[in-house]
Amino acid sequence: MSGITVLIVDDSSVMRKIVERALRQAGLDLTKVLEAGSGREGLEALGRERADLIVSDINMPGMDGLEFLRQIQSQGLAQGAPVVMITTESGEEHVREALAAGAQGYIRKPFTPDQVRERVLPLLVSA
Amino acid sequence: MSGVRERAAGEPGVVGAFEASLDRAVDEVFSTMLGVACAPATSELRIDGSQISAVIGLAGALSGSLVLRTSGAAAMRMAERMMGIAPPEVDSMVHDAVGEVCNMVAGAWKGFDSTLASGCLLSTPTVVAGTSYELFSQRAPIRIDRSYGFDDRTFAITLSCELDA
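Going line by line, the protein sequences match chains A and B. The opening position of the first sequence corresponds to residue 1 in my numbering, with each subsequent residue numbered one higher. The opening position of the second sequence corresponds to residue 128 in my numbering, with each subsequent residue numbered one higher.
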C-alpha cells in the first residue's frame, strides 16, 4: 500500500504520532501525514488538501469527532476517502453512532498494530 | 464484569469488581501501548518534589473522576515508552502522554462493564503539574486507591464515583 496521504485528527499530539507509527507498522507507505488537533482544524486541512485516509478521535474539545464526521460528509470533503474512528469510547451505541455518521471503521484505544492493519487495510483496498 | 447496576452501590462486590477491572485496564493499556507489564504495587506511592496529575471526569450512568498521579520521572518514562523517544524534561509532550494514559485507562475500565461502556461518558483529560497542590472532589460513596509499578517506577490511580440514582 503506497503513496498514501493520511489526515490524523486528535487533540493529543502524542496520540497522533502513535497512530502514524501504527499505520506505518501496518504496512502503509505514508507519503504525507496531515495532522489536526480538532475537528475544526481537520475540516480546514481537508479544505486545502485531499486525503486518502482519514483517522479521527471522537472525544475532543471544540468540534468533536462525530461532528467532524458529519461535516465532512455534508460538505463532501472526504471525496471517497475512508474514515476510521480511533477512540476510548467502546460502547455499542458509540460505534453505531459513528458508523451512522459515515465512519467505515472503528478502533478502540488501546490498540495493537495488528488491529490497525485488520481494520484499515481492507478499507483502502476497496476504496 | 457486566451490568454494574445489578449490584447495589454500597455493596462490597462493586468495589472489588471496580478494582479488578481497574487492574485489568491498567495492564491492558501498558502492555498494548507502552510495551511493558504493569501490576499493582505493594507499597504506596510517595512523590518528593514535582508531581503530575491527570484527571478524567465521568458522567452519566456513573459520575465522578479518575485521577492518575505520578512523579516527573515516571511520567517521562511513560512518554518515552509511548513515543520511543526519551523526553529531555517534563514538557508538554510528557503532560500529553500522561493525559492519554489516564484517558485510555478510564476508557478500558468502563469498557469492561456493559452498562458503563455505553452509559458513562468521559471528559477530555486535564493535566495538572506542580510541587504543592491538592485535588478536591465531591465526597463519593465509592473510592478506590491503587498503586501500580512498571520499569521500577510507580504511579497511583484514584477512582471516586457514585452510581446514578
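Hints are computed from structural coordinates only; laboratory data are not their basis. Bear in mind the structure is a predicted one, so any value in this text is a computation, not a measurement. Mixed in with the good hints there might be a few duds.
[Unchecked claim] Quick partial rundown of chain B residues pointing at chain A, CB under 10 angstroms, derived from the structure:
no. : residue
1   : Ser-158
2   : Leu-161
3   : Asp-223
4   : Gly-226
[Unchecked claim] Just a sample of chain B residues kept apart from chain A, beta carbon distances all over 12 angstroms, derived:
no. : residue
5   : Glu-155
6   : Ala-168
7   : Thr-169
8   : Ser-190
9   : Gly-199
10  : Val-221
11  : Glu-227
12  : Ala-233
13  : Phe-239
14  : Gly-246
15  : Ser-250
16  : Thr-251
17  : Thr-285
Think of the CB as a built atom: it goes at the ideal place given N, C-alpha and C, for glycine as much as any other residue.
Hints, verified against the model:
1. Ser-158: Given a least distance of 8 angstroms, the restraint on B:Ser-158 holds.
2. Leu-161: holds (9 angstroms)
3. Asp-223: B:Asp-223 check passes; min Cβ-Cβ to chain A is 5 angstroms, inside 10 angstroms.
4. Gly-226: holds (7 angstroms)
5. Glu-155: At roughly 6 angstroms from the nearest Cβ of chain A, B:Glu-155 sits no farther out than 12 angstroms, so the non-interface label is violated.
6. Ala-168: With a cut-off of 12 angstroms, B:Ala-168 remains clear of chain A, as the shortest Cβ separation is near 21 angstroms.
7. Thr-169: Non-interface label on B:Thr-169 holds, nearest chain A Cβ at 25 angstroms vs cutoff 12 angstroms.
8. Ser-190: With a cut-off of 12 angstroms, B:Ser-190 remains clear of chain A, as the shortest Cβ separation is near 17 angstroms.
9. Gly-199: holds (16 angstroms)
10. Val-221: Non-interface label on B:Val-221 violated, nearest chain A Cβ at 9 angstroms vs cutoff 12 angstroms.
11. Glu-227: B:Glu-227 not clear of chain A: closest Cβ-Cβ about 5 angstroms, inside 12 angstroms.
12. Ala-233: violated (7 angstroms)
13. Phe-239: violated (9 angstroms)
14. Gly-246: violated (7 angstroms)
15. Ser-250: The claim breaks: B:Ser-250 does not keep its Cβ more than 12 angstroms from every Cβ of chain A (closest is about 8 angstroms).
16. Thr-251: Incorrect as stated: the minimum Cβ-Cβ distance to chain A is 5 angstroms, not above 12 angstroms.
17. Thr-285: holds (19 angstroms)
Consistency note: the structure conflicts with the earlier hints numbered 5, 10, 11, 12, 13, 14, 15, 16.
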